[in-house]
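Engineer: Protein chains in written order, with our numbering: chain A, 1 to 124; chain B, 125 to 321.
Rather than coming from a laboratory, the hints here were simulated on the basis of the structure.
In this text, a Cβ means the ideal position worked out from N, Cα and C, and glycines have one as well.
Please note that a few of the clues may not be correct.
[Stated by the list, open to error] Some but not every residue of chain A turned toward chain B, in silico, with C-beta under 10 Å:
| hint | residue |
| --- | --- |
| 1 | 5 |
| 2 | 7 |
| 3 | 8 |
| 4 | 15 |
| 5 | 18 |
| 6 | 46 |
| 7 | 47 |
| 8 | 69 |
| 9 | 71 |
| 10 | 73 |
| 11 | 74 |
| 12 | 109 |
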Amino acid sequence: MTDVPWPHPDVLYEVPFETDATTERWQKALDAAITSGSMRMEPSPHHPDLFTLAGACPRCGHATRQPVEFSILADGLRPPDDVARLNFRCVCREGHEPGPPHNGCGWGGPVAVTVRRPEDRHGE
Amino acid sequence: MASDPPSSDEEYWTEKALTDRRTQLATVRAAAASWKTLFSAAVGVFSTAAFAGGLPTLAKLPEPWQVIVKGATLIAVLAMLSATVFSGMASGAGLRVSSDQSWQGTQAAHKRAAERAVQRLRTAKLCGAVAAALVLAGSAVIFWVGEAAPKPQPPTVVAVVDGTAVCGTLATSGGALAAGTVPLTKVDSLMIVAVCP
Numbered sequence: 001m002t003d004v005p006w007p008h009p010d011v012l013y014e015v016p017f018e019t020d021a022t023t024e025r026w027q028k029a030l031d032a033a034i035t036s037g038s039m040r041m042e043p044s045p046h047h048p049d050l051f052t053l054a055g056a057c058p059r060c061g062h063a064t065r066q067p068v069e070f071s072i073l074a075d076g077l078r079p080p081d082d083v084a085r086l087n088f089r090c091v092c093r094e095g096h097e098p099g100p101p102h103n104g105c106g107w108g109g110p111v112a113v114t115v116r117r118p119e120d121r122h123g124e
Numbered sequence: 125m126a127s128d129p130p131s132s133d134e135e136y137w138t139e140k141a142l143t144d145r146r147t148q149l150a151t152v153r154a155a156a157a158s159w160k161t162l163f164s165a166a167v168g169v170f171s172t173a174a175f176a177g178g179l180p181t182l183a184k185l186p187e188p189w190q191v192i193v194k195g196a197t198l199i200a201v202l203a204m205l206s207a208t209v210f211s212g213m214a215s216g217a218g219l220r221v222s223s224d225q226s227w228q229g230t231q232a233a234h235k236r237a238a239e240r241a242v243q244r245l246r247t248a249k250l251c252g253a254v255a256a257a258l259v260l261a262g263s264a265v266i267f268w269v270g271e272a273a274p275k276p277q278p279p280t281v282v283a284v285v286d287g288t289a290v291c292g293t294l295a296t297s298g299g300a301l302a303a304g305t306v307p308l309t310k311v312d313s314l315m316i317v318a319v320c321p
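Okay, chain B solo, but in the shape it has when bound (with noise of 0.2 Å):
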């Protein structure tokens, strides 16, 4: 049977494992800190997105899809907000009061911490999630919806009436065409224009 001193694997292993449970507290805030950072980065990601032409369109979406997306983006934005909160607070931006010097109380409290700080962690992931499908579902109405198509407005016309020039959008008034609320009857002559001078 060996009786030799452990195996270099076998010392670095067995003080990995040591590490890993002491720093459990450390390990969960550095992961809180990166997906804080991916948070952080995947807001002015949209933000730029949006800089660059994405919400103007938004205003010119037809009924009902601006509502529906004007709510999404806003609960989207809620949602990143409650991301970036969760994963600052899992990342340590928090602070204890304890009389509790023991070690065993310590280790107790570091363990008690992390295990907070994963909850924090995975309400931000669920958050970011929420935020991230709502953007992506809203992106996806605004190009394959597109803008509504503008409604058909009525000519202006310059009309010579019984000798006299009327000018006005082109109307219906008692079944008959109009220019604005002059009548079209005895035309002379009509001419379409941009606006009445």
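Chain A with its partners taken away, still in its complex shape (with noise of 0.2 Å):
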């Protein structure tokens, strides 16, 4: 079930190894996702740089979701505006075998992905 094309409900629970082939996969998924919009950037109410990526997962096609934040501030530098970068991992509530009770099918683990500030929605 693993080289299933994706999204796939029956895809088997895996960590991928952080690889340039695993993380331009997960990438070229998630952007697919984005575009399609079966994955969406949900704003927040209540800041402009707090987002929710949330939709299915580009795996498994499962409901999950992560807090995206922009403009993280850390030892008086402010990284990029417009892209963040994060481990962006499925955490669907559907238990993909094998193995122990756990959330999400397993990717992207540990594989970092960038996502894009939707275009209306720019920081103060």
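Please dock the two separately framed chains into a single complex, following the hints provided.
Structural biologist: Printed below as a string of structure tokens:
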């Protein structure tokens, strides 16, 4: 079930190694999901830098979500405002086989991807 | 494909990334507190230098340097005071009132407070830089321009004119020399003294 086209609800639980290939695959899958609208950046009503990346997991298609924050202040430095880099992980509640109960299908695990700030939501 | 637990590095840095996100306000305030300490130390150094003999020279500078350096000193003091106040405000010397006790509202409030603190810290750094530049420039002027040369003072003389002793500052009167207001004509003797007896 590992090689079925994504998204597929019966994919096995697996955590990818972080490699160029897995990073490229996860990034492309996420970009495609955002482009198609199956995943979206939901803005917070409280602050223009806060979002929730929510929708159908690009791999298993189950509902998942993760907070995304832009312009994190660390040691007085501000990163670029419009791109956030994060370890986006599937946290669906469908209990993918095999193994003990866990949340998510395992991807993207340690793989880091980037998301862009939606055009109409720029920081103050 | 791997299904092992995350490595210790992955766990550590994942936690660190989460901590960085959650402690933005504390991070900025800590940085502001460090800058506030630095500004206070700079004021201390400046005061020490002034007491050590820097400022007394200011009054002896030639014009127009004296006015310029005095003005720069005043602006530098105001800028340093502003730097200290802004860094103090950035380090958390402010309170807010809110009825929003949701985690979302609290998270957003922390982020806004951190952004405000960064703005104040930037202003403090700018003021500190202005003050430092003015102090350095003023010091350079004091060192290189130095004291104004003292104006030559006419000597005081005691003269015997027509058998009468007169004393006064040597001056000119009607094209002739004079001791004070007494013209020095028919001088029998003349002596330079420190003061008139």
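Engineer: Which numbered hints turn out to be false for this structure?
Structural biologist: 1, 2, 3
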